[in-house]
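Chains as they are written, first to last, in our numbering: chain A, 34 to 324; chain B, 155 to 449; chain C, 473 to 791; chain D, 13 to 375; chain E, 13 to 375.
Hints listed in this document are in silico derivations from the structure and should not be mistaken for laboratory results. Keep in mind it's a predicted model, so treat the numbers as computed, not measured. You may find that some hints are simply not true.
[As the list claims (entries may be wrong)] Examples of chain C residues toward chain B, derived with CB under 10 Å:
#: 1; residue: 479
#: 2; residue: 513
#: 3; residue: 516
#: 4; residue: 520
Ideal Cβ positions, reconstructed from N, Cα and C, are used throughout, including at glycine.
Chain by chain, the residues:
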Amino acid sequence: MSQAPTQRINGLALFILPSVLLFALFFFLPIGLMAVMSVLTGNPVVAPRVAFTTRHYARIVDDPYYLEVIWTTLRIGLLTTLVALAIGYPLAHWMARIKSRTGHALLLMAVLAPMLTGIVVRTFAWMTLLSDKGVINQTLISLGLISQPLKLMYSETGIVVGLVHIYVPFMVLTLTGVIGRIDERLEQAAENLGASPLRAFIEVTLPLSLPGILAGSLLVFALAISAYVTPILLGGFQIMTLPVLIYQQISANFNVGFAAALGIVLLLISLVLVIAYNRALGLVSGQRELQ
Amino acid sequence: MMGTSAAHNPSLASDREAASRQAAAPAHAAVGPRHYGRYVYLAINIAILIFLLAPIAVVVVFALNPTPFIQFPPVGVSLRWFEKFFASRDFMHALGFSLEVALFTTVSATILGASAALALARGNLPGARLIVVVMLSPLMLPAILTGLALFQTYVLLDVGRPTWGLVAGHTLVTLPYVVRTTLAVLHNFDLRLEEAARNLGASPARTFFEVTLPLIKPGVLAGAIFAFIVSFDQFPVSLFLVSPGNETLPVTLFNYLKFDLDGTIGAASVVSIVLAFLVVIGLDRTVGLRSYVKL
Amino acid sequence: DDPVLRITGWGGKWGDVMKAEIGPAFESEFKCKLQTDSAFPYLPKLQASSRSAPIYDVLHTNSNEQWAAAEMGLVEPKVDPKLVPNLADVYPYAVSDKIVGVSIFTSAIGLGMRTDKGYGSITSWKELWDAKYNGVRGGYVIPVNSLGQAFLMMCGTLFGKGQTDLDAAYTALEKLKPIKIVDFTGAMEKMLLSGEVGLCVIHDSGIYRYDGQNQPTDFIAPSEGVLSLEQVLTITPGSKVKELANAYVNYMLRPEVQKRLAETVWYSPANRKVKLDAKYDAKLLTTPEKVSKLIQVDWKWYNERKDEIDQRVNRIFRA
Amino acid sequence: MSASIEIAGVSKIYDGGVRAVDAVAMDIRQGEFFSLLGPSGCGKTTTLRIIAGFETPSSGAIRVDGADITHVPAHKRDMGMVFQNYALFPHRTVAENVAFGLRMRGHDKASIATKVKAALAMVELSGLEDRRPAQLSGGQQQRVALARAIVIAPRVLLCDEPLGALDKKLRQQMQFELKQLQKKLGLTLVFVTHDQEEALAMSDRIAVMNGGRVEQVGTPAEIYNQPTTRFVADFIGDTNIFRGERTTTGAGAPALDVGKGLILALPPSADAQGAGALSVALRPEKIRLSPRGDAAGGAAGTCAHGVVENTNFLGGAVLYRITLEGAHRILVQQPNAGTSHLFIPGNGVTLDWTPADLVVLED
Amino acid sequence: MSASIEIAGVSKIYDGGVRAVDAVAMDIRQGEFFSLLGPSGCGKTTTLRIIAGFETPSSGAIRVDGADITHVPAHKRDMGMVFQNYALFPHRTVAENVAFGLRMRGHDKASIATKVKAALAMVELSGLEDRRPAQLSGGQQQRVALARAIVIAPRVLLCDEPLGALDKKLRQQMQFELKQLQKKLGLTLVFVTHDQEEALAMSDRIAVMNGGRVEQVGTPAEIYNQPTTRFVADFIGDTNIFRGERTTTGAGAPALDVGKGLILALPPSADAQGAGALSVALRPEKIRLSPRGDAAGGAAGTCAHGVVENTNFLGGAVLYRITLEGAHRILVQQPNAGTSHLFIPGNGVTLDWTPADLVVLED
Ligand SMILES: Nc1ncnc2c1ncn2[C@@H]1O[C@H](COP(=O)(O)OP(=O)(O)OP(=O)(O)O)[C@@H](O)[C@H]1O
Ligand SMILES: Nc1ncnc2c1ncn2[C@@H]1O[C@H](COP(=O)(O)OP(=O)(O)OP(=O)(O)O)[C@@H](O)[C@H]1O
Ligand SMILES: [Mg+2]
Ligand SMILES: [Mg+2]
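The following block holds chain A by itself, in its conformation from the complex (with noise of 0.2 Å):
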């Protein structure tokens, strides 16, 4: 276990400055200009005549529908997040236990190979598996096991199941480095100490691998919130989620304003969201330190 380290600051926290550099010239500088637009009734870079306006956000706050599509994204969000750790586990557990190399090389395959199967084409294939013309619904139907399509598609539940999928890979490889990492024999302790192979994992590896889920499932939150392809296309825009808002205000009424303010909103709520995670996630722990 690390010590806690001495609380003065050392040479090593200049390695920061790099990506400090990074994010103020390429996230700061920009999302800045955006978060001025959020607040202008113009585009200031190009026309000239520009006010100060509250609108954007006035029609965020007054209209409950933008509250509701707020509501949904997260709650997509989190459902995705929930489900990709409860698969991204377990495939996480064997790769970092499996034993023989080749195993271990044929497990990172598969479970990276949904990541380069580009976002698009990964999610036309779940339409064509999830559709009611779909692999799943037809076998279903062949088998006489339903007579009607399910409807798999256009739902929440597509959109989770197709950002599951997309992002789970995220999950599997963070868990899979710190998991690893465990010492075997901290198992086997409890085990020996009568704890079954289930309890010794709950109460000695998953306590253990807390910083991986920490980071896995803020990665996998972090995405799905932000996700529009995968929700455009299984959603079939009969789901509503802020970055599909966004996508429309930009790519098809053009009010950068707007969209701006709803980007903003978003990335303030999941901050708050995120910090009140790390918050919980320390406490229940009791490792403080987690970051």
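Model the placement of chains B, C, D and E with the ligands on the given structure of chain A, informed by the hints.
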């Protein structure tokens, strides 16, 4: 003969060890002590693998199926979409360009991200936890907005749409992966190993490369793999930042698919997968992906 | 150095032909370089760039976006016939008051159907509301797709007092559920081909391009008329190569260019003088009579209400 | 309550082909304090891990009270274990670590608290309940590991060098507590140690291992006084081992000619018959040392003269390395009976011993 | 080559407020074998880590050859260290672990290979070069850690219980090698051990620590024979400590009345003056034991009678717990001079000792 209290004969010990090393291949008992749980465990994992791979199978079928749309059951096998993909100069150019961008992105994101993680985990920076969260922001903002914002900035700075601008944009959206995955393995790192290295005369830099890096490699590597794939697959940011004639593969594919939704994009996916598999195998042979060492 | 003309353009077959033949021919004739941005969406990028130094000289998009662009002063509302002589040969709709710039091609938005499901003969848009298509009905996303927006206006005509009768349109849309909604224009033809939908809103090009492949699909031009989906060119006011830009617009209206592209992607040419091969001529809108069935949407009116409409339909189609 | 353990021809070959345990067969009786003793790397930990169920033997079986448990999962064996590297849960406090096994057994909170408190008091760690393992010294960690294993009062307790990181005082105290506990609960205790004194002092029986094999199993006195193999004699305590040809003393008694002029009278127990080479062991403390020229002298084959070469102060005793006249080197241990009785290097000395203290070894 | 180390009033308070090292001041001389001895948790490891530069002292300074190095980074101190938990690099083979320090010093490949080979041979690990630490037994790991530290021939070698996981035989051999190496290179060696015998046998000087403080610094003989405090007397080896009031024997010699009828003649060195309470120590092996009724008897204050209560077989010696007639309990150690000379519980015995062997303690 005589002998006083020597320790046990060393040559004897090593002979025995040598002999045992040559001993027959380990006759492994197939069944571990926990077989029931084992089956459940395997079953769950295999189900998950099926979930992960089913859509890939569809894509492969799509790529091999001669009809220009996804059809089940497939009507035949043809390589026409592959031919089309490889024959297209646009696709080939885009593929090359994407690889190039992804490569640069991976390198920059990995270096920047891993050092940032190190600084955050070890630098005793005030507010490190907040910084860590903020560094996740580029992922939480819909990338289309990030892309537009970057585009707007480049216009403002009058730099046009240079390749480095694209790489910078990609680095921005891939950096969080590297930071997170690296942080995750830096947690629980046994600092005494670094102390041992320092004690043996390794400078802090040397210690980092000789001990810290190899041990956090799984995290950094996972981050690098993410960076590469995310950059290679990056679409919304690229959309705004690619310049005419220098389009990345996803942009080209997307534009293609808006008009011709045929097996070519399936073929492109299959090619990407195979390509990445080669990279994975290569990495496994050289760096060894299974690098987390039992402590 | 040769001057550079920065345009936007589609991908797919269109892009192939542009890149392989039509573009290079233009470049050599006018001693310039064509720089085609094919990374959609174009308008936000144009919007972000300065008016005096726009990133495009010629903007090619669908009509509704051109209206938005013109509203924002990003493009010139009209093309000067003096600088574009071929304008004299286009059908009136291509330069009508419903059009900004000039439409160089049009496809007809009507209904697409599976011919193997025994749906019988369909003649009216209203057929789409028949309950027997529940589960196999297809339409476009209204907020982001021109076809969807045009269809919404059609609903007003079909069930209300006219295009602008939004309330009637909303009611009609409400009754259209369940419906499968797609985003890309090209996605619907795949849904139809794979049988995922049986009857859907679609443009003729999306059906005709499978001509000769024995697909069980057909395009229906409903009796109430077809909606027009225009490919519009405009010139940006800040362009530094206006002359070349006009020359390009003029070039795209040339009969031989029109014929080549029309036969590639099954778009109806805007130039009256184009003579297509028989198989294309038979299906595309190549005569004044056929053209007269085209219904043009008042995009200016629509765009003014776009936010309101979007909110409404987003709610209607929420699952 | 406790159980007997039968290790039936168990071998373990690790992945790399290392044969860590080689056809080990031994019976550990119910309620017995059984020690595994042997040099580093001889397979003690591996044997213990096989008993605990963390390694599957490559061949052979483990039986507890006659029932084959070779494939019974670890958590169903009810065997406590103190790991050589402690394996403390880093994310839990000292108290939580100790409470773990009780929680797994579903004890109620109050009884857990009481037992944890008692166990920590026993290992002298009261007051450190809320520390994390990383905040403890090495010896403190080891005691937490010990407390964690004993608090559950398992029917079998496996200890892998459980006291190795403790100072002598504390170790003696823990030995005492462990022994008390074992008696009280009738525990079967399998104890791995590298400390021969500890094994000798505490065990009912000891198995001496070497290179994965068991060399000898016996009571401490048997192991110490009647080692059967050269390895055991050499390994347990300091010893002088001589190898030579059978002969007879001037008096006609059987003796061993170990060369360089040294003849050793064989013990009466030794097989008088038989010829050829033989090894014998003589413990350093069984030899008496007196200043050269002092009385003694002794019978042929029971004494020798030499010069002190080296003195090693061991606290309670002094170990002398003596070169005999014939150039044999021999260890002699004498109690530290005060500075006045010390020999220093260079002193001439006379050694004498009783033939009965010579032990004949199998080779 | 080697260096002297001055530890000047060093304290270390850990984050939780634990005062692990408390105003420790001592000078370690150049080329000296210096041991830190003390109970578990007394601050030995912390002291070593401060010397090595892994902990910044909360106060005080460390000087090497007179130069203040308190804030010199660890890698510039040229001090080898054997960590208590080994801290082997898990991702490197045994050979690579050992080669590490040499590589850092820019040695060429051939010389690294030679040195690594020699170091591994010294710790008896030849043949295991290509294993990973996880594939080694505990003792093997410890030896790799030792080899890794000594192969670089640092000017100062810090060893934190470097032989704790080794069996006695191997430990003695390693002790010998270490001592040889230290002499050859003139190393300054700071050695943490919990094994008093080891400290006594190997050290030039020993510092006995307790609760973060240094109790006594001295040569092994001083520490053993003239402990200055009760803690040291009690901690080093077994001992009998008596506390009583000054008095005189019948013969008029100064003596101590420890109650229950037992009077101890004080050693001539003891301050005859002064009254009041006093503590004295008497080592078990300084007491002679004879069957009750045998000759002896001895002068007043130098003998007592009792009954054997408990016998502890230690291999080379036997430890008796004896209850004196006055109900004092006392430890006596006798050499294991063969079964015939053993006393068993219940035997009546007579004890006698020399007053000079009594040590007067500071409290
Ligand atoms: N990181 C820490 N935080 C708080 N207390 C600590 C920490 N590390 C050690 N301690 C405490 O400091 C004291 C001294 O510890 P140290 O490791 O120096 O002991 P030691 O003499 O080496 O003991 P041992 O022989 O058991 O290894 C102990 O009481 C220990 O509990
Ligand atoms: N995972 C492993 N892979 C290969 N060899 C191993 C492994 N673990 C242990 N060994 C080898 O098996 C042999 C027995 O190891 P074991 O740990 O049982 O020894 P031990 O008797 O406990 O030694 P020590 O007293 O040093 O702890 C050793 O030679 C060791 O190197
Ligand atoms: Mg071991
Ligand atoms: Mg310590």
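(request) If any of the earlier hints don't hold here, list their numbers in rising order. (result) Of the numbered hints given earlier, the structure breaks none, since each of them holds.
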